[in-house]
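**Q** The lines below spell out each chain.
Protein chains: 2
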Amino acid sequence: MQTLHVELGDRSYPIHIGADLLQNTKLLTAHIKSRQVCIVTNDTVAPLYLPAIQSALTEYDVSVVILPDGEAHKHWQTLNRIFDQLLADRHNRNTTLVALGGGVVGDMTGFAAASYQRSVNFIQIPTTLLSQVDSSVGGKTGINHPLGKNMIGAFHQPKAVLIDTLMLTSLPAREVSAGLAEVIKYGLLGDAEFLTWLTDHMDRLMALEHSDLAYAIARSCETKARIVAADEREGGMRALLNLGHTFGHAIETQMGYGTWLHGEAVGAGMAIAAELSQAMGWLSSRDVTQVRDILQRAALPVDAPDTMTVDQFIGHMQVDKKVLTGRMRFVLLRALGQAVITEDVPDAMLREVLANSIARGVAGRR
Amino acid sequence: MQTLHVELGDRSYPIHIGADLLQNTKLLTAHIKSRQVCIVTNDTVAPLYLPAIQSALTEYDVSVVILPDGEAHKHWQTLNRIFDQLLADRHNRNTTLVALGGGVVGDMTGFAAASYQRSVNFIQIPTTLLSQVDSSVGGKTGINHPLGKNMIGAFHQPKAVLIDTLMLTSLPAREVSAGLAEVIKYGLLGDAEFLTWLTDHMDRLMALEHSDLAYAIARSCETKARIVAADEREGGMRALLNLGHTFGHAIETQMGYGTWLHGEAVGAGMAIAAELSQAMGWLSSRDVTQVRDILQRAALPVDAPDTMTVDQFIGHMQVDKKVLTGRMRFVLLRALGQAVITEDVPDAMLREVLANSIARGVAGRR
Chain A
1 MQTLHVELGD
11 RSYPIHIGAD
21 LLQNTKLLTA
31 HIKSRQVCIV
41 TNDTVAPLYL
51 PAIQSALTEY
61 DVSVVILPDG
71 EAHKHWQTLN
81 RIFDQLLADR
91 HNRNTTLVAL
101 GGGVVGDMTG
111 FAAASYQRSV
121 NFIQIPTTLL
131 SQVDSSVGGK
141 TGINHPLGKN
151 MIGAFHQPKA
161 VLIDTLMLTS
171 LPAREVSAGL
181 AEVIKYGLLG
191 DAEFLTWLTD
201 HMDRLMALEH
211 SDLAYAIARS
221 CETKARIVAA
231 DEREGGMRAL
241 LNLGHTFGHA
251 IETQMGYGTW
261 LHGEAVGAGM
271 AIAAELSQAM
281 GWLSSRDVTQ
291 VRDILQRAAL
301 PVDAPDTMTV
311 DQFIGHMQVD
321 KKVLTGRMRF
331 VLLRALGQAV
341 ITEDVPDAML
351 REVLANSIAR
361 GVAGRR
Chain B
1 MQTLHVELGD
11 RSYPIHIGAD
21 LLQNTKLLTA
31 HIKSRQVCIV
41 TNDTVAPLYL
51 PAIQSALTEY
61 DVSVVILPDG
71 EAHKHWQTLN
81 RIFDQLLADR
91 HNRNTTLVAL
101 GGGVVGDMTG
111 FAAASYQRSV
121 NFIQIPTTLL
131 SQVDSSVGGK
141 TGINHPLGKN
151 MIGAFHQPKA
161 VLIDTLMLTS
171 LPAREVSAGL
181 AEVIKYGLLG
191 DAEFLTWLTD
201 HMDRLMALEH
211 SDLAYAIARS
221 CETKARIVAA
231 DEREGGMRAL
241 LNLGHTFGHA
251 IETQMGYGTW
261 LHGEAVGAGM
271 AIAAELSQAM
281 GWLSSRDVTQ
291 VRDILQRAAL
301 PVDAPDTMTV
311 DQFIGHMQVD
321 KKVLTGRMRF
331 VLLRALGQAV
341 ITEDVPDAML
351 REVLANSIAR
361 GVAGRR
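Those protein sequence lines, which keep their order, are chains A and B.
FYI, the UniProt record's numbering numbers position 83 of the first sequence as 83, with every residue one higher than the one before it.
FYI, the UniProt record's numbering numbers position 302 of the second sequence as 302, with every residue one higher than the one before it.
Careful: at least some of the hints might be erroneous.
[As the list claims (entries may be wrong)] Not the full set, but computed from the structure, chain B residues with beta-carbon under 10 Å of chain A:
no., residue
1, TRP76
2, ASN80
3, ALA154
[What the hints assert, rightly or not] Heads up, simulated DSBU-like pairs for lysine-lysine below, C-alpha to C-alpha not over 30 Å straight-line:
no., chain 1, residue 1, chain 2, residue 2
4, A, LYS149, B, LYS26
5, B, LYS26, A, LYS74
6, B, LYS74, B, LYS33
No wet-lab data here; the hints were simulated from the structure.
This one's a predicted model, so the numbers in the text were calculated from it and none came from an experiment.
Ideal Cβ positions, reconstructed from N, Cα and C, are used throughout, including at glycine.
Modelling step: build the complete structure from the supplied sequences, incorporating the hints.
**A** See below:
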């Protein structure tokens, strides 16, 4: 088992990573401060892992909330089911919420913990590779609004994150790839050495070798933790984490959420970001080939959907909430392993790179 | 105009208090950081004060949300109208919310500001005496859930509070009295000198003399700010602010919210707390008479409703969320101007004091 420490002053917490680490129930119970616990999970995860968590907590008064699975349910009405249960079972301010599931369960449970009686503790047990590398660090919680994703929420740090790589064996292959997109992102944006390691170990990761998965997850979390510690509430540097995301969000929005998985759209978005970086004169064609190659070995798309137009891309990018001023901001690569933020991309260059990606594009429905 | 500074590190903010201070538009605009502003108010306050605020903000892109008036609307559906408007008008993270109204508007606007895009700025313009002395300091925001009041919310500090005593001239007399209950509370719990001042100036306060109102509001806010600065997230000392509230909540719950105003229930609750303090041997009968006298001069009830039973009182008090352990905790008076927290009240003593108050009791419907 590996343990990282996310250093955020009095909001610091550990991330434990390993195979079958939930056997050690103390990792969980050490962070529960009264007899009251509420496990929040979804109807896909519950049959697989809820019994094991419950049997680790026989000494506690445990409430369980099983939400419907999926991003479509990440809204107020579902969140309110957590509050209903907490109040029906009279949970007080010393209760502890446990998020057992992927990013949607983590975001909603975290926001419920931030808001219930104006804040209670919570512990994350992320069950997907994407949530293990992406939601474990950063403290972002929230729900969607019909007019925008993640528009309502809070910054609220967990007391601990427990990442059991054994849980990944039950994950569909497409979701493993989607999670690897975020892992590759951490190499690309700030860790060239890790990018080389990933190039050497991608086949082992795709085969779910636990020691390699644990290493890749730990190193991704470390990179994110370093960035978040420097910029907890998203002023400047934290924007680097959006590498590939501006293009990716445009794809997700245009195709309809869920048609492409988030990680798949980010994969294509990172390839486009690399090509735009090449057009800026920052990456060589060999660098771009390396980026596309590693994404493809992770079974991720490297081109835009062939049904999209350049104008659709740019339309979605302009309403993206990361566009703060009127000028579009991009996270691009100065070099492999070194992301930068720039507003200096000529419109014609952007259009040409997008047109090329679409021309090579992949079939829209994945 | 007087200005207090609430010292909370990087969350510090000023409270400006005076008659007609909204004439000075800079007091408001100094705390707005972009062109975007969203004023949240209710349908009682809007016709009275919204035009003046709007004309102070002609240089800004102003959205307006007018909520239905009343505690009955302090729930998610109403809160969501604020989010709907913010998103429809594309407010970004640099927007500023302005809460123009009483405690309900302040609590909901503050929670909307805490949650919109994971936190934006807000400014409070409280329009009732109760909200001017009670909600201006402390950072508590939130909404009600069908199973409990204020169960969902956040701690979120405003960037500034503007208290215009002229607004009190439009307030119904009963609401002035309800606000004075909280003013008297600050004297009773921690400021004997202020209690003497209040005894001398109650008639002037009831006549809405502006300089006296401004002094009483400032001194109340100062006392609350001192307590909150020592205990921002409610560990120990902040519980002193609940003087009169445990009994008051029992009255409100039993009679149905709105039958007695919150301040009226707190008034009777403080008289009961004083009598229980006398039974504990801490206050003299002269002290108790002084407490009852000042409350009566503020046109507040000093006895429990004659329709309530002792068992009803105790039943409600046991489910009050301030009862954390199982033992009932009371905020009582060691002396006038010195509140303490105790769990050592014999059950028989409590029952006798409650029975006496009910026996002298006032008609249930006020």
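**Q** The structure should be examined with respect to each hint, and the outcome stated for every one.
**A** Now for the hints, and whether the structure bears them out:
no.: 1; hint: TRP76; result: holds, 6 Å
no.: 2; hint: ASN80; result: holds, 7 Å
no.: 3; hint: ALA154; result: holds, 6 Å
no.: 4; hint: LYS149(A) <-> LYS26(B); result: violated, 35 Å
no.: 5; hint: LYS26(B) <-> LYS74(A); result: violated, 41 Å
no.: 6; hint: LYS74(B) <-> LYS33(B); result: holds, 28 Å
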